[in-house]
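Novice: Sequences listed follow chains A and B, in order.
If you count by full-length UniProt numbering, then the first sequence holds residues 1 to 458, one letter each, in order.
If you count by full-length UniProt numbering, then the second sequence holds residues 1 to 458, one letter each, in order.
Think of the hints as simulated: they come from the structure by calculation, not from any bench.
Misleading hints may appear alongside valid ones.
Stated by the list, open to error - Some but not every residue of chain B turned toward chain A, in silico, with C-beta under 8 angstroms:
(1) S217
(2) A224
(3) I359
(4) Q363
Unchecked claim - Straight-line C-alpha distance at most 30 angstroms; calculated DSBU-like pairs for lysine-lysine:
(5) A:K317 <-> B:K203
(6) B:K358 <-> A:K203
(7) A:K203 <-> A:K347
(8) B:K317 <-> A:K411
(9) B:K358 <-> A:K358
(10) A:K411 <-> A:K60
(11) B:K168 <-> A:K317
(12) B:K411 <-> A:K317
(13) A:K358 <-> B:K317
(14) B:K347 <-> A:K317
(15) A:K203 <-> B:K317
(16) A:K317 <-> B:K317
(17) B:K317 <-> B:K358
(18) B:K317 <-> A:K347
Just so it is clear, CB atoms sit at the ideal spot from N, CA and C, and this is done for glycine as well.
There are 2 protein chains.
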Amino acid sequence: MSLSAILARIDDQLPTALDRLTGLLRIPSISTDPAYAAQCDAAADWLVTDLQSLGIKAQKRRTPGRPMVVGHADGPGPHLLFYGHYDVQPVDPLNLWHTDPFAPELQDTDQGKVIRARGASDDKGQLMTFVEACRAYKDVNGALPCKITFFFEGEEESGSPSLIPFMKDNAAELGADLALICDTSMVAPGVPSIASQLRGMLKDEFTIHGPRIDLHSGHYGGPALNPLREISRIIASFHDAEGRVAVDGFYEGVHEVPDDLLRQWENCGFDEHDYLSSVGMTQPHGERGYSTLVQQWARPTLEINGLWGGYQGAGTKTVIPAEAHCKITCRLVGDMDPDALRVKIRKHVEDRLSPDAKITWNQDLDGSPAAVMNINRPEFEAARQALSDEWNREAVFTGMGGSIPIAGYFKEILGLDAMLIGFAQEDDAIHSPNEKYNVQSFHKGIRSWARVLDALAK
Amino acid sequence: MSLSAILARIDDQLPTALDRLTGLLRIPSISTDPAYAAQCDAAADWLVTDLQSLGIKAQKRRTPGRPMVVGHADGPGPHLLFYGHYDVQPVDPLNLWHTDPFAPELQDTDQGKVIRARGASDDKGQLMTFVEACRAYKDVNGALPCKITFFFEGEEESGSPSLIPFMKDNAAELGADLALICDTSMVAPGVPSIASQLRGMLKDEFTIHGPRIDLHSGHYGGPALNPLREISRIIASFHDAEGRVAVDGFYEGVHEVPDDLLRQWENCGFDEHDYLSSVGMTQPHGERGYSTLVQQWARPTLEINGLWGGYQGAGTKTVIPAEAHCKITCRLVGDMDPDALRVKIRKHVEDRLSPDAKITWNQDLDGSPAAVMNINRPEFEAARQALSDEWNREAVFTGMGGSIPIAGYFKEILGLDAMLIGFAQEDDAIHSPNEKYNVQSFHKGIRSWARVLDALAK
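Isolated chain A, as found in the complex:
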């Protein structure tokens, strides 16, 4: 049967699809709180049952934490691995919710209808767009257009502790040609987006030790080395006046954005003014000479995430503290090597220490390279065309400022490129009170996947 019949079926069945989503949203599958372990189990069971109703061989799979759901469906086309997560963020502060977070409501808003509940957007609503597209294929054609492995985890909101071991233990079973992930946003309302590059991350933390003990700033102020001044001087040395990172060799492996991609970004509907003003800024503060979007998606950063030492209480304490502490993360792009970069950053810091200052580094923090997808693979262009058709708007290969570790793990452990397609809106309030998912995101998301599957099957 033709794609148009599939799409018609999706339109017809939207109310029942929303009913099903409502059922999944009623389950408070909060993964960070052990008190909700049974509810996570129930959400996994719900998905297993739903996949089985499509004729998919699905199972709940034990881990030391929350279970995985793995399902296998045979099909004619390429072998796809679809990933989503059924766990949700905690709901506090509950008093800021206008409705019960686990009693989903359809509401009319100036964006049209939305479904409001914890997990509506992140990620239950999004993962169900793919499942509903598959259901339409099943209903209309009696079969899926591709061979598909479904892979849902229940610990994404709590750091995915079981994910890597599970992927390693089941690498053969999870093998495929391409991974699909539905857990991202559209770059602007109505602009279909495929995230094709995600920044990597390097974490580090150091403590500068000065005097042997906390000192009285009267008795020792002047002669004493003050670790708070020392750490401030070192942090200040990380960047030059142009906003560039001044660590020697920091930009090795960084590539300029190709012109054609840059043109896509310039026309992707990203509203720089909205983006900046929503957080109280009037201008971008990163490397001079790069646009806000390029600073966010395609340039590396070295940020201070925590800084502390000395007295933090009310009033004054005349102390020169023995220690000062600093937490760093870098966002990585291109081919930047986190291990090599860690060495460079540590050298930069240690080269600048005063006599009598000592340093210790946290040895437990890791790093991961940027994930840059091979958008020259024909599947990427096919998917982009499919999305453009659905949204009547040229789809865009976007970057992402954040890091989605799963994309890197798919590459590293399973050897898979990942295509990240999502329909969330920036204002969906994921991780916040009153989370919602636009019914249009859900409806056109299902239609989008139907078109993408159709295109990939060819």
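Once you have looked at the hints, place chain B on chain A.
Specialist: Frame of chain A; chain B shown alone:
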């Protein structure tokens, strides 16, 4: 009768003087803990009784907190106001004491005999050196050599909240020609010391506000202004590479140490190596070109006492925080004006803020100028000679890195210069477990005051 008879009486009566001190030390007059209010009262009563036994009109005087003790003795010479405090620090951690802190013990050590108890040095032992010197005069001559007002407080270890109101309310009664304070250390063992300059203090605190809310360092890292980088850059700008404060006009009112005073300091027995190495330093870190002692006593500082923002817990949080905080104190010398300096420092900071950064200042923090005694007054040279005679060692006009607010208050409220003479040793462990006072400090301290009173009476 001659001074020698007075000194002989002091030598004779040392055992009974130690007995008396032991009696005062048995009273756990901890002022910070309201549970010991009755014991503070008892210590005040003890002093009233002891002063009355010398024929002094002494009274316990109510305050909203712990009582003051004020006593008046007529005499022929100049009118002196002697200040000390009968309250003591808490004793915890109690498990680190080798004896009961309120069961004083005489012990033999490699420094000779010591009396070990909380308050032995700070300040009961020290204040009793003066009272015992007066007793010897009374015993031998039947009268004191000068007109003396005794003024003891019981809140010195808890911030002296009642002191300023009491001094203001009783300024006429507390008037005198010169204040004497016995609450300081000798600059080195055996080196009699008159603290003639104390650094003042300016306190300030600011918060730098960047983004409207805490931001995700992936989604905003690059374009976002990071207040932790901002505050580090500003703190780093406070000092130049030579360790000088780079705030415009900071050094206004700072004077170089006169050559003759500098020579005294160079020969005062201060052991720079001991001082530095005891806190883990190999060199002074203040302004280049000044000795450790000059950096500590006679140069101003701008120190960071607290610095914080962002995430301080275990592991990583990818946050760009909305705020960063910093607590500052400056130590002031010479004629530095705290109010004018506050304006200069705030201007320095505000001139360096990035666009989109905002700043708020704590408006509740005060400042006080340095206290520089007029050592050209003949009483200072007379006292210095008296101390030199007792210790067979040239007495030294020292500075102090810290601030003793009472010295400033005497000047400000009562119009009095203060002479700070003390016999404590750096290793007396004041505020720490196993506090002690050398019996030699006590004995020669009494003799020192006898000589000083004799000299001042002339």
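Novice: Tell me the numbers of any earlier hints that the structure contravenes, in ascending order.
Specialist: 3, 4 and 9
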